[in-house]
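Student: The lines below spell out each chain.
2 protein chains.
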Amino acid sequence: MIAYNPSEELDRPMTISKAGKISPLDPAAEPFYRQIYDRFRGAIANGLLKPGDRIPSARALTKELGLARGTIDTAYSLLAAEGYIEARGQAGTIVAPGLKPRTAIAIPIRQASRSAAATSFRPDSILPFQMGLPALDEFPRKIWARLGARCIRAIQPSDMVHPSVFGLPALRSQIAAYLGVSRGINCSPSQIFVTSGYRHTIELIAHSLLKAGDRVWLENPGYPPTREILRHMKIEAVAVPVDHEGMAVSNGFRLAPRARAAVVTPAHQSPLSVSLSLPRRLALLDWAKRSDAWIIEDDYDGEYRYVSRPLPALKSLDRDGRVLYSGTFSKVLLPSLRLAYLVVPESEVERFEQITEALAGGSPRLTQAIVTAFITEGHFARHIQRMRKLYAERRVAAVAGLESVLGKHLRIDPQPGGMHLILRLQGRRSDRRLVARMREEGLYAEALTDWMVGSDGASALLLSFTNIGSQRAAEHLGNQLLRLM
Amino acid sequence: MIAYNPSEELDRPMTISKAGKISPLDPAAEPFYRQIYDRFRGAIANGLLKPGDRIPSARALTKELGLARGTIDTAYSLLAAEGYIEARGQAGTIVAPGLKPRTAIAIPIRQASRSAAATSFRPDSILPFQMGLPALDEFPRKIWARLGARCIRAIQPSDMVHPSVFGLPALRSQIAAYLGVSRGINCSPSQIFVTSGYRHTIELIAHSLLKAGDRVWLENPGYPPTREILRHMKIEAVAVPVDHEGMAVSNGFRLAPRARAAVVTPAHQSPLSVSLSLPRRLALLDWAKRSDAWIIEDDYDGEYRYVSRPLPALKSLDRDGRVLYSGTFSKVLLPSLRLAYLVVPESEVERFEQITEALAGGSPRLTQAIVTAFITEGHFARHIQRMRKLYAERRVAAVAGLESVLGKHLRIDPQPGGMHLILRLQGRRSDRRLVARMREEGLYAEALTDWMVGSDGASALLLSFTNIGSQRAAEHLGNQLLRLM
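Heads up: the protein sequence lines correspond to chains A and B, in order. Heads up: the first sequence at position 43 corresponds to 42 in numbering that gives the first Met the number 0, and the numbers run straight through without jumps. Heads up: the second sequence at position 197 corresponds to 196 in numbering that gives the first Met the number 0, and the numbers run straight through without jumps.
Same shape as in the complex, but just chain A (with noise of 0.2 Å):
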């Protein structure tokens, strides 16, 4: 269990004691360098080791464990390198003096390294309230390393050589096959490009449909990183903005009508959650057909909505080939996959494979063969529809149990679906500052202002409740962003 439940913070086993002992290490289980590794990182975690407190020199904990030099010194560079420890020379190693305490499951992965508000807008942490994670507890991890090790164990020589740098050819052809069924999405697999994530996604798609000073429509607010990359590669981004039918595509036409393209996220906007409603779907899919424009449709967690079934992507309705499709395994398996597809319209396949051909790394032959065949057997239907029955609940559970104990402090959005809650602030109060103050304490949190050009007045926190286990904890966590208010 990760999901975030108060009572669990109480029974956490004790490996390292205050003075850097260590207890001893499992033969069977990881490598030692990685159990002493995952101690410290607990111990700190857990407070037993604090900010400024000496750990046991390398060669003492060497010779105390019995082990290579080596294996102490890969997991205390590995410590170093994620800022938990830092070496003083003469004055020996200690737990890194600007480490806060973590409150519960706070591990933090590279946070040390930021200042505390910086969002990099990769779920990268597990802080409580973590933007872009699934629920992590309910990840199937038996099911996934018996197929993962039965793949690895069944490595052939052609599993060996380059991947097809477009995609394992069968997960293609699986990915093709649940657009059909799940998003309404009639396409080949050889539509199908396999990418590494939603950035080199729309690198791919820069690369090879738009040039540097075209203009393209981003919806404001809206994700960030799209802009940031259009930025790298030159390209100029106009700011639509959103309503409660999703992006106003008239505000678009006015604004900059001889776009390339416009970047759309229909199922839930991202990140105010509202659905592209189907009058503004068509006349965005007729202004791509008359301006010879391209329509962008990131449909990160179309499948996660609760109030009726998805909606169908905007895909579906792309009579005249003008929508690049966007999806990805990071929300409804895990980030750490590295695994997204883009569904490219028949008329470019074969410019996106020249482009593809020329740029792409492609991506790991085995964690593509474990995700087909997780789709293969099974799994991935199955889960995906746990996870939407789980969310579901969760989410009722997280806004009841915030709402009873910040109710008077903010409104929660009303939305449809997504993985996040929109808490908007009253009064003048100043999300930023706010995010900054709860990322001191090690909750995590997202402020609407960053996620917009220019301002509006709105001031918003943006939380995830897929790791909120309980309405208790909601309001556990409530309490302590209460304390910040």
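Since the hints were derived computationally from the structure, they do not count as laboratory data. Remember, predicted model here, so these are calculated numbers, not experimental data. You may find that some hints are simply not true.
When chains are identical, the list treats them as one kind, so a pair holds in a single copy or across two.
What the hints assert, rightly or not - Below, simulated DSBU-like cross-link-like pairs (lysine-lysine); rule was C-alpha separation at most 35 Å, straight line:
#: 1; residue 1: Lys-388; residue 2: Lys-141
#: 2; residue 1: Lys-407; residue 2: Lys-388
#: 3; residue 1: Lys-62; residue 2: Lys-49
#: 4; residue 1: Lys-62; residue 2: Lys-210
#: 5; residue 1: Lys-210; residue 2: Lys-233
#: 6; residue 1: Lys-49; residue 2: Lys-233
#: 7; residue 1: Lys-210; residue 2: Lys-288
Once you've looked at the hints, dock chain B against the given chain A.
Tutor: For chain B alone, kept in the frame of chain A given last:
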């Protein structure tokens, strides 16, 4: 064993009869769809099923094997996607008529969908003489599977989030330590950026340090994908000739003194395998310092030198932080891992971090974790040592076998290292035409002419020896080649 040995052609197990009957599957082995797929592929490679042969309908096979229809459909769609079979509507499903019967191990991965002599410069098939592949028969599969199963069983919530886009900290540490010991490079883990392959490495460098319109020296002949990537990024390649001391640096000064960078393969020039002489190394470093230019060192196979110890990397002489070092696990481990890395000068780390944060997808955690464990536990160093010895032997055997048969028609370059041979063709024979004929017969080769800009009249075949198991095997393949000359 996959190393080519002619006697093995005879005792291949027969699992699919002429009529497409399939022997019982093993429920404990790979997924059924994979077993079916492998058996059909094997039967086609063996010649048991020939182009145009009809195979059972999916429905009939479903019934015969008592499996789910989806299982058979997956196997068939995979076979179709790779070009082995074709659905012919009413006429049923047949083995693709265009498929050539392959000799021995010649199982094409995607060749069927390409013209016979097309070259992607990626080792994506396992034809005899396939370039760019390590010895697949000697890869330590059991150790790898054991480490892999352990890594995947040990997955923790902190392993499920987005891994650092710079690379797993433990892997960066291990790479830095390895480079210090083996390649004479002194760098910290923070200077290491893990990428998904050489192309990704070059793209990252171009995004970080170059701009459209810049000029870059490339070796001529040289690895064609480098030129291709730069062309896509609107960077002008300047072809600098290569002689027996490597890139003729003085020509670079004359042709484009203000170039922003030079890409070199100092250990074994790609493809001529000569080493860049020390005076040239120093002249290049001096030019880079004086001109604020960058040297991109592609050390793809620096470990594989057979006449003496591997030469230290050019980067080891870099006192002024002008060298970017590009390494890869494709040659020393496997191409299917899609793991490579870049060492960035200290002064440029922040810039590369920004570009990586903005554009990179990151590599999956699992493959990085397995490679980390493989290095940490000493398997990596042992494997490289074993391969160096094996390749030295296979190189001698391949040269002896080919020369005994083809000595009158060609001359094999003496080379200090590398993973391929250079067969100089006598007279005015076209290497391109010979390569096309070889591909038609299921033999791999690349034409030196395809690695050149312009022509100096040189005509040569590039052939890898890493998977040629014995002198007899080389003679056998030499005789096949002789018939094409």
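Student: Flag every earlier hint the structure violates by its number, smallest first.
Tutor: 4, 6
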